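With the first letter of the sequence shown counted as 1, position 499 gets the number 499 in our numbering; the numbers rise by one all the way through.
Some hints could be false.
Stated by the list, open to error - Derived lysine to aspartate or glutamate pairs resembling EDC-like cross-links, with alpha carbons at most 20 Å apart: (1) K336 x E530; (2) K336 x D325; (3) K336 x E199.
Note that these hints are calculated values from the structure, not bench results. Predicted model only: the values in this text are computed from it and were never measured.
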Amino acid sequence: MTEELYVLPASFGQKRLWLLEQIQPDTPLYTMAAALRLRGTLDVTALSAALTEVVQRHEVLRTVLRLDGGQVVQVVREPGPVDLETVEAPDGFDAAVLAASRLAARPFDLATGPLLRCYLVRAAADDHLLLAVVHHTVADGWSMGVLMRELTALYAAGTRGVPAALPELPVQYADYALWQQEQLDSGALTDQLDFWRRELAGVTPLRLPPDHPRTPAPTFAAATAPVTVAAAAVRQLRAVAEGDGVTASMVAMAAYAAVLARWSRQDDLVIGVPVAGRAELDLEPLVGFFVNTLPIRLDLSDDPTFGELLGRVRDHCLAAYQHADIPFELLVDELKPDRRAGQLPLAQTMLAVNNTVLPHLTDLPGLTVEPVRLPETRAHFDVTLDLVESDDALRGIVAAQADLFTAETAALVARSFTTLLRAAVVSPSTRLSELPCPVATERDVDVVALPSPDTEPAPVGGAIPDGDDTARTPTELVLVRLWSEILERDGVGVHEEFYAAGGNSLRAVRVVLRARELGVDLPVDAVLGEHTIRDLAALA
Numbered sequence: 001m002t003e004e005l006y007v008l009p010a011s012f013g014q015k016r017l018w019l020l021e022q023i024q025p026d027t028p029l030y031t032m033a034a035a036l037r038l039r040g041t042l043d044v045t046a047l048s049a050a051l052t053e054v055v056q057r058h059e060v061l062r063t064v065l066r067l068d069g070g071q072v073v074q075v076v077r078e079p080g081p082v083d084l085e086t087v088e089a090p091d092g093f094d095a096a097v098l099a100a101s102r103l104a105a106r107p108f109d110l111a112t113g114p115l116l117r118c119y120l121v122r123a124a125a126d127d128h129l130l131l132a133v134v135h136h137t138v139a140d141g142w143s144m145g146v147l148m149r150e151l152t153a154l155y156a157a158g159t160r161g162v163p164a165a166l167p168e169l170p171v172q173y174a175d176y177a178l179w180q181q182e183q184l185d186s187g188a189l190t191d192q193l194d195f196w197r198r199e200l201a202g203v204t205p206l207r208l209p210p211d212h213p214r215t216p217a218p219t220f221a222a223a224t225a226p227v228t229v230a231a232a233a234v235r236q237l238r239a240v241a242e243g244d245g246v247t248a249s250m251v252a253m254a255a256y257a258a259v260l261a262r263w264s265r266q267d268d269l270v271i272g273v274p275v276a277g278r279a280e281l282d283l284e285p286l287v288g289f290f291v292n293t294l295p296i297r298l299d300l301s302d303d304p305t306f307g308e309l310l311g312r313v314r315d316h317c318l319a320a321y322q323h324a325d326i327p328f329e330l331l332v333d334e335l336k337p338d339r340r341a342g343q344l345p346l347a348q349t350m351l352a353v354n355n356t357v358l359p360h361l362t363d364l365p366g367l368t369v370e371p372v373r374l375p376e377t378r379a380h381f382d383v384t385l386d387l388v389e390s391d392d393a394l395r396g397i398v399a400a401q402a403d404l405f406t407a408e409t410a411a412l413v414a415r416s417f418t419t420l421l422r423a424a425v426v427s428p429s430t431r432l433s434e435l436p437c438p439v440a441t442e443r444d445v446d447v448v449a450l451p452s453p454d455t456e457p458a459p460v461g462g463a464i465p466d467g468d469d470t471a472r473t474p475t476e477l478v479l480v481r482l483w484s485e486i487l488e489r490d491g492v493g494v495h496e497e498f499y500a501a502g503g504n505s506l507r508a509v510r511v512v513l514r515a516r517e518l519g520v521d522l523p524v525d526a527v528l529g530e531h532t533i534r535d536l537a538a539l540a
């Protein structure tokens with residue numbers, strides 16, 4: 001599967017993840033995994049054939065990403081047989097799950113691929129774990145459901161010797177990427193972009209009191225804690241959500257925002273919310289990276305009641321959903337938010353509700369099928385609350401970056417959410433300050449001092465500009481040349497701020513890659529934050 005068919009522009013989401021992969025190369029930070037337990041008599045030949053047919057149907061599963069002429073492109077390759085590697089786990093199914101977790105942690109090479117790997121982990125002759133691992137640039141949570149649904153349908157048809165009743169795909173992911181760029185070029189998204197400029201003007205980062213100082217090279221390891229909202233509480237939640245156009249996910253967001261506000265002592269918050277990004281019916285049966293992040297800004301000032309906060313959440317969510325076509329990656333480059341080393345821009349926390357649920361899968365010929373959730377080991381945001389509705393209850397996890405927070409703090413956040421939510425749905429007229437919130441009352445918020453939001457960040461290199469704007473060292477001379485080349489302008493000064501001078505995320509990573517070729521190793525995390533040439537030279 002090496003011959004190239006097409007070279008096409010990457011989508012905005014693919015470009016962003018390609019950039020982030022350059023920051024953390026050779027890590028599994030942006031891998032996704034789905035697993036099924038298959039008990040019974042398994043036809044491995046039929047399973048391999050089904051896997052090959054799925055990859056033939058979806059071009060994106062035989063796509064790689066690379067830098068071409070200063071732009072990130074997706075390269076679609078010819079279809080061919082797909083490997084299904086068998087791994088032995090003779091110590092039982094728990095050992096098979098551990099083996100699957102290790103396999104899912106193997107990194108991908110975006111330029112060489114393949115970006116889908118499948119394994120059959122055998123715990124016993126009649127007990128297997130089917131694992132699909134894919135890079136996020138070519139799939140999302142919805143896609144994992146499509147992948148598993150088609151794979152099992154093709155397997156069932158293959159074992160019966162009949163054609164699978166899968167409809168022909170109307171479009172491919174590359175068509176979506178082209179359409180997305182055409183939307184931007186045509187000006188069709190101008191009004192939406194203007195909305196987000198107004199909505200996010202003056203936004204400040206979320207400042208959660210950490211247990212450990214923020215490091216310049218985060219590992220993104222996760223400290224996790226389970227979250228369960230009992231069925232009775234969910235029914236109360238639904239009763240609250242039925243009025244005034246409020247949904248259950250909005251109630252969860254209000255409770256989560258209340259916890260964050262009490263913990264951070266901020267009343268102006270941004271919470272990232274994933275949306276499917278599949279507004280057109282033709283996109284629903286596709287595998288691909290469609291999911292978008294909406295930065296929902298919430299005002300919790302004046303100590304509102306929980307009911308009043310619900311109204312604010314509803315209004316901001318509905319307005320955001322009406323302007324959901326702007327890719328998050330484009331917002332970051334267009335709005336140029338304050339960039340701090342080690343922090344994601346615009347949103348530092350995420351709330352996902354029913355975001356990555358596998359579809360209901362029926363048993364297969366000779367097999368019972370059961371979805372398996374692998375342990376969460378990575379946290380992309382400072383803190384994430386990931387919830388799934390199951391058996392009339394809400395279950396999920398709080399995942400906090402272990403570089404910043406302990407497992408005990410993650411457990412306190414989980415307990416705060418469930419405790420505050422139960423109290424709020426019983427009495428929506430209670431003010432936020434009166435709702436129970438263990439993370440705000442039981443935790444020492446002074447473990448690590450936080451900078452004031454009004455304090456200007458120190459220069460990345462720690463040096464104060466001396467007024468001399470000319471390069472003084474070999475490293476500064478190299479960076480001046482690179483900035484001039486990549487920003488396409490002459491007369492670059494060593495005290496100019498990169499993004500103010502016309503830089504963006506892609507150009508920042510191009511500086512890093514070109515500097516490496518010239519023997520200068522730049523800290524990528526600092527390059528993606530606000531910086532000058534003198535700042536970078538001091539750190540190189």
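Evaluation of the provided hints:
1. Distance hint between K336 and E530 is fulfilled; the C-alpha atoms sit about 10 Å from each other, no more than 20 Å.
2. For the hint linking K336 to D325, the alpha-carbon distance of about 19 Å falls within 20 Å, and the restraint holds.
3. With a CA separation close to 14 Å, the supplied pair K336 and E199 stays within the 20 Å bound.
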